[in-house]
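Given these sequences and hints, build the entire structure.
Here our numbering is used: the first residue of the sequence shown is 103, the next is one more, and so on.
In case anyone wonders, no lab produced these hints; they're calculated from the structure. One or more hints might be untrue.
No farther apart than 27 Å at their CA atoms in a straight line, the calculated lysine-lysine pairs in the DSS-like style are these [to be verified]:
#1 K283 <-> K261
#2 K295 <-> K283
#3 K346 <-> K179
#4 K313 <-> K283
#5 K295 <-> K313
#6 K179 <-> K392
#7 K179 <-> K313
#8 K295 <-> K346
What follows is a list of derived Cβ distance ranges for each label pair [unchecked claim]:
#9 P213 <-> L414: 37 to 45 Å
#10 R128 <-> S204: 21 to 29 Å
#11 K313 <-> G169: 50 to 58 Å
#12 K283 <-> E445: 34 to 42 Å
#13 P160 <-> D258: 31 to 39 Å
Just so it is clear, the structure is predicted and the values come from calculations on it, not from any experiment. Even glycine gets a Cβ: it sits at the ideal position worked out from N, Cα and C.
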Amino acid sequence: MRRWVLHIDMDAFFASCEQLTRPTLRGRPVLVGGVSGRGVVAGASYEARPYGARSAMPMHQARALVGWSAVVVAPRKEVYSTASRRVFEIVAREAGVVERLSIDEGFLEPPELADTSPDEVRAWAENLRRIIREETGLPASIGAGSGKQYAKIASDAAKPDGVFLIPVEEQREILGPMPVKVLWGVGPVTGAKLHQMGIDTIADLAAMSRKEVEISLGATVGLSLWTLARGTDDRPVAPRAEAKQVSAEHTYETDLTTTGQVDAAITRAGEGAHRRLLRDGRGARTVTVKLRMADFRIESRSLTLSYATDDLDTLLATAARLARYPDEVGPIRLVGVSFSGLETARQDVLFPELDRQVVRPEPPTTDYEVGVRGGESAGEEVVEIDEPPPPSGWRATQDVRHPEYGHGWVQGSGHGVVTVRFETRTTGPGRTRSFAVDDPVLAPADPVDSLDWGDWLAEREAREALADG
103 MRRWVLHIDM DAFFASCEQL TRPTLRGRPV LVGGVSGRGV VAGASYEARP YGARSAMPMH
163 QARALVGWSA VVVAPRKEVY STASRRVFEI VAREAGVVER LSIDEGFLEP PELADTSPDE
223 VRAWAENLRR IIREETGLPA SIGAGSGKQY AKIASDAAKP DGVFLIPVEE QREILGPMPV
283 KVLWGVGPVT GAKLHQMGID TIADLAAMSR KEVEISLGAT VGLSLWTLAR GTDDRPVAPR
343 AEAKQVSAEH TYETDLTTTG QVDAAITRAG EGAHRRLLRD GRGARTVTVK LRMADFRIES
403 RSLTLSYATD DLDTLLATAA RLARYPDEVG PIRLVGVSFS GLETARQDVL FPELDRQVVR
463 PEPPTTDYEV GVRGGESAGE EVVEIDEPPP PSGWRATQDV RHPEYGHGWV QGSGHGVVTV
523 RFETRTTGPG RTRSFAVDDP VLAPADPVDS LDWGDWLAER EAREALADG
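Right under this line is the structure:
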């Protein structure tokens, strides 16, 4: 029976989300990353790529390559994660089982495509792309082949915004001339070793004998690569068995301004995340508290215990140790708690009451610290803080709202004036307006509002509330 595995990859996902919600940016070279020029490019639109700009490149280098036409926007994680959830809800609805790989890609193996023709597979994939485009406005590329490896290679060939098939009877012809580095497991070291052996293409690797592969590359990794090169990949498509974390967060209509309100919000989110942890059946080692301030700065602080636990008092006390309050960070509009480092084995400790005590450490003194991660040792604290606003109070590309003009984003600020372009996904390119930086009617806005998916978001929240009981 002919097998068809599909790989879906959302095209230039971060940049596409920005162009979707900010119509003025459509067709322009967009770089997603630090607007101050620090850090690296998180995403580059297809219009920026001909200049040589790409993800993971230093932002100052990408800006120099693209030149004056570059549009640099700060990442908006809430928008990307919301868009990802909606896209993969559609994919699951149409395809059934989905194996998510990341925020913007995954494998699927629709049962109705088993033993069908390439034309039928192409029609199915084009229909899925059409539905995603109609419901979300986002482009997707889909590749299909007889296994995961070949579907992934095909989706790369399908970009941007297309479909590419590698039928099993054409695998050797299509894959053979490709560089061997496109195979999973061929990194720089293995690639250099293969090159020294005169193995530069998939066909070169496939032509080796089993014994040659075992001697030169090893009986495990080498044979796995050799099998892929020869056209066999029977790995199943299955959802990732276990979540990496469980979480709950709540946005408040009225900003939290007191210590008691924040403590109650942390308890509420912590109890919600705990209910999900109990359903998961594992214990957690790492507790993270996320705060979004009234000006939409985000701060996340984490603490890792020396053991995994599902004890509510311990987890809430750990979350309380990470709390920050309005007198430190200003009014707070969102509070979230997540548990990660999930393990099946849970440990009883000799003096559990010590970990149930609420002991708040001194707040970090770092004013700007982005992307700090890691830490498996007991008690190691991790802090992630968004870039602080400039002295004017408004950051370039920040989402704002005006009572008359609606949702917009900051195009620039200086000399006491802030310029805002008012537009969302549904408005088309918007017009700009200028205001005094201290104009009281201009307020920070939720970036997710730029998607204009109010009905879908309300339905999803209702489903999640029902699931939580």
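Status of each hint after checking the structure:
1. Taking the CA atoms of K283 and K261, the gap is near 19 Å; set against the 27 Å cutoff, the hint holds.
2. Using a Cα cut-off of 27 Å, the hinted pair K295 and K283 holds, with the two alpha carbons roughly 11 Å apart.
3. Note on K346 and K179: the hinted pairing holds, with a Cα-Cα distance of about 18 Å set against a maximum of 27 Å.
4. About 21 Å separates the Cα atoms of K313 and K283, which keeps this hinted pair within 27 Å; it holds.
5. Proximity of K295 to K313 is assessed by CA-CA distance (about 17 Å); at most 27 Å being required, the pair is judged to hold.
6. In summary, the hint linking K179 to K392 is supported, as the alpha carbons are separated by about 13 Å, within the 27 Å threshold.
7. Taking the CA atoms of K179 and K313, the gap is about 49 Å. The hint is violated against a cut of 27 Å.
8. Note on K295 and K346: the hinted pairing is violated, with a Cα-Cα distance of about 35 Å set against a maximum of 27 Å.
9. Remark: the range hint 37 to 45 Å for P213 to L414 is upheld by a beta-carbon distance near 41 Å.
10. Taking 21 to 29 Å as the suggested C-beta distance range, the pair R128 and S204 conforms, at roughly 24 Å.
11. Restraint check, K313 to G169: a C-beta distance of roughly 54 Å satisfies the suggested window 50 to 58 Å.
12. About 35 Å separates the C-beta atoms of K283 and E445, a value consistent with the hinted range of 34 to 42 Å.
13. Separated by about 24 Å at the C-beta atoms, P160 and D258 break the suggested range of 31 to 39 Å.
In terms of the numbered hints stated before, the structure departs from hints 7, 8 and 13, listed from lowest to highest.
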